[in-house]
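Trainee: The chain contents come next:
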Amino acid sequence: MEAQEQQQLSEKVYESLKYIIDPEIGINIVDLGLVYKVALQEEQKLYVELTLTTPGCPMSSTIIKATEQLLALHYPEYQAHVELVWLPQWTPEMISEEGMRLLGND
Amino acid sequence: MQTTITNSPGKWVVLPHYGFAAVALVVLSLLLLFSTDAFGGHYFHPKLLTLTHVAALGWATMVIFGALYQLLPVVLEVRLYSEKLAYYAFGLLSSGTILLACAFWHFWVGTIMQVAALFLFLSFGLFALNVVQTARTAAKWTIEADFIVTSTVWLLATGFVGLLMVFNFTYPFLPQEHVHYLKLHAHLGMVGWFLLLIIGVGAKLIPMFMLAHTESTRNLSIAYYCINGGLILFAADHLFFHTAFLPVYAGLVMLGITFFLLFLRQAKQVQKRQEADLGMKQTFVALGLLLLPVMLVFLVTTNLGLPQGLLSSLYLVYGLSVFLGFVTALILGQTFKTLPFIIWMHRYQDHVGRFKTPLPKDLYSNDLLRWQNIAYLAALLVLLTGVLVAQQAVILGGAMLFVVAAVLYAANVFKVLLHRVHDLKPINYGSARTTTAV
Chain A
1 MEAQEQQQLS EKVYESLKYI IDPEIGINIV DLGLVYKVAL QEEQKLYVEL
51 TLTTPGCPMS STIIKATEQL LALHYPEYQA HVELVWLPQW TPEMISEEGM
101 RLLGND
Chain B
107 MQTTITNSPG KWVVLPHYGF AAVALVVLSL LLLFSTDAFG GHYFHPKLLT
157 LTHVAALGWA TMVIFGALYQ LLPVVLEVRL YSEKLAYYAF GLLSSGTILL
207 ACAFWHFWVG TIMQVAALFL FLSFGLFALN VVQTARTAAK WTIEADFIVT
257 STVWLLATGF VGLLMVFNFT YPFLPQEHVH YLKLHAHLGM VGWFLLLIIG
307 VGAKLIPMFM LAHTESTRNL SIAYYCINGG LILFAADHLF FHTAFLPVYA
357 GLVMLGITFF LLFLRQAKQV QKRQEADLGM KQTFVALGLL LLPVMLVFLV
407 TTNLGLPQGL LSSLYLVYGL SVFLGFVTAL ILGQTFKTLP FIIWMHRYQD
457 HVGRFKTPLP KDLYSNDLLR WQNIAYLAAL LVLLTGVLVA QQAVILGGAM
507 LFVVAAVLYA ANVFKVLLHR VHDLKPINYG SARTTTAV
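Protein chains in written order, with this note's numbering: chain A, 1 to 106; chain B, 107 to 544.
Because the hints were derived from the structure by calculation, they are not lab data. One should not assume that every hint holds.
Heads up, simulated DMTMM-like pairs for lysine to aspartate or glutamate below, C-alpha to C-alpha not over 20 angstroms straight-line [unchecked claim]: (1) 12(A) / 43(A); (2) 378(B) / 97(A); (3) 531(B) / 456(B); (4) 18(A) / 183(B); (5) 378(B) / 24(A).
Pair ranges (Cβ atoms, derived) [to be verified]: (6) 104(A) / 342(B): 46 to 56 angstroms; (7) 364(B) / 42(A): 35 to 45 angstroms; (8) 5(A) / 528(B): 48 to 58 angstroms; (9) 532(B) / 26(A): 18 to 28 angstroms; (10) 88(A) / 324(B): 51 to 61 angstroms; (11) 338(B) / 39(A): 35 to 45 angstroms; (12) 44(A) / 194(B): 22 to 32 angstroms; (13) 88(A) / 350(B): 36 to 46 angstroms; (14) 42(A) / 455(B): 24 to 34 angstroms; (15) 93(A) / 242(B): 44 to 54 angstroms; (16) 12(A) / 528(B): 16 to 26 angstroms; (17) 331(B) / 93(A): 26 to 36 angstroms; (18) 390(B) / 93(A): 39 to 49 angstroms.
We put the beta carbon where it would ideally sit given N, CA and C, even for glycine.
Whenever a hint applies, use it, and build me the whole structure from the sequences.
Mentor: Spelled out as structure tokens, the structure:
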């Protein structure tokens, strides 16, 4: 796949992941800055790297499952691999402008 | 890079605690209705002892045990050491509380009270063992862990003094009068168990809910040493020295609380989440209510020459402001920050990403919660006023409002506990930002 196509796919995946809402905060995981990386590793293998707001968060398995299920539903032609990482540690500075707006920071 | 699975315990470890505590709160409010005559004198009264222990054990400790099994893995980032120990601790705490409440109400100081005290002490022992063993496996030791582990040690000490007092009824062996040890028992529980634990968990959860990252835990460390220092000095003085330094020890505890509040203020200054839901608003109300016992402790520990009647009322208001004030207010709010989330995870884990699911906040009634908070604050205000001016009719009014608050709380808790999944619709890939579900 061409680099440009990969880039387009990555952007599309980011948009899709906005359907996953952090249940406590009520904002999607992309605007919260929890999705670190989306990449096409090998042909047909979609790699997503994400984190949580705090390492002990009980959401870990739920959010991985949500991401896997959403990708399987939305991109059946790809094999999704979702990895939870803790480095770099998430900080509120990673929240997007849109996320900040949704949190009431105008 | 590290992949993890969730550390959350099974739902049957946690949820029965919330159910029992909700029922205990309703029972407590009903008992209050029939105890208005008990507030006219000394706090060593069968009905007041019943109310205090239903509040401290059946309500507050019960919900704290349950919540901590869920939160300990969040704070320490490890799995709970043993779910089996948690089941046994629940069985002993629930049966011990029921037996103790019956024994105090009828003032049966024999076998039933002794069995109850033994059950409770055993329950605290199993809980402490579970917490300490869980903490031992934590990769990273934090000041929050210090607070939590130390609080369980104080819980054991509180239970031990209580156990000695129960056996002292039948086989008198303690060198001083009963009320002397009751003061020690009460303060070990209020400060050592409830305050330390609430600070330890609150220091992690409150900034987390506010999306505030506070780098420095210096204020928390100072709070830890001040509170423990004050409590140790108080216990030693109370047991062995009997000096007039009680206000100094109270001052140390107050200083510790001040540093905890400063830590929260730092968090508030960097919070990214501006909107506070009703659960968080109630939490801030609870923190405000904490100032009441902090001020009253100086009145009851300093010899100001107050009339005996007023001093007795102040003692009662002091105790009420801790159990029905700070601790109850905090639990009333935090229940709806933790319980819906736990139920949501268990009910919707398999559906997320495929179907539109509600959010945890959709599992309870916001209207019930709002009226619960209003009824609770009105109840507390009327009740404390009634006790202070020693007017039974006013106390009865406060108790009736408290029944309303307790029933609203229990209704909302059971609404969440009995929540079932139904009619899930597939995600409509229209506009991601307006989708309200996973």
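Trainee: State for each hint whether it applies.
Mentor: We went through each hint and held it up to the structure:
{"no.": "1", "hint": "12(A) / 43(A)", "verdict": "holds, 17 angstroms"}
{"no.": "2", "hint": "378(B) / 97(A)", "verdict": "holds, 12 angstroms"}
{"no.": "3", "hint": "531(B) / 456(B)", "verdict": "holds, 14 angstroms"}
{"no.": "4", "hint": "18(A) / 183(B)", "verdict": "violated, 27 angstroms"}
{"no.": "5", "hint": "378(B) / 24(A)", "verdict": "holds, 14 angstroms"}
{"no.": "6", "hint": "104(A) / 342(B): 46 to 56 angstroms", "verdict": "holds, 49 angstroms"}
{"no.": "7", "hint": "364(B) / 42(A): 35 to 45 angstroms", "verdict": "violated, 58 angstroms"}
{"no.": "8", "hint": "5(A) / 528(B): 48 to 58 angstroms", "verdict": "violated, 42 angstroms"}
{"no.": "9", "hint": "532(B) / 26(A): 18 to 28 angstroms", "verdict": "holds, 21 angstroms"}
{"no.": "10", "hint": "88(A) / 324(B): 51 to 61 angstroms", "verdict": "violated, 24 angstroms"}
{"no.": "11", "hint": "338(B) / 39(A): 35 to 45 angstroms", "verdict": "violated, 56 angstroms"}
{"no.": "12", "hint": "44(A) / 194(B): 22 to 32 angstroms", "verdict": "violated, 51 angstroms"}
{"no.": "13", "hint": "88(A) / 350(B): 36 to 46 angstroms", "verdict": "violated, 55 angstroms"}
{"no.": "14", "hint": "42(A) / 455(B): 24 to 34 angstroms", "verdict": "holds, 29 angstroms"}
{"no.": "15", "hint": "93(A) / 242(B): 44 to 54 angstroms", "verdict": "violated, 34 angstroms"}
{"no.": "16", "hint": "12(A) / 528(B): 16 to 26 angstroms", "verdict": "violated, 32 angstroms"}
{"no.": "17", "hint": "331(B) / 93(A): 26 to 36 angstroms", "verdict": "holds, 32 angstroms"}
{"no.": "18", "hint": "390(B) / 93(A): 39 to 49 angstroms", "verdict": "violated, 25 angstroms"}
Violated hints, listed in ascending order, are 4, 7, 8, 10, 11, 12, 13, 15, 16 and 18; each of the other numbered hints is respected by the structure.
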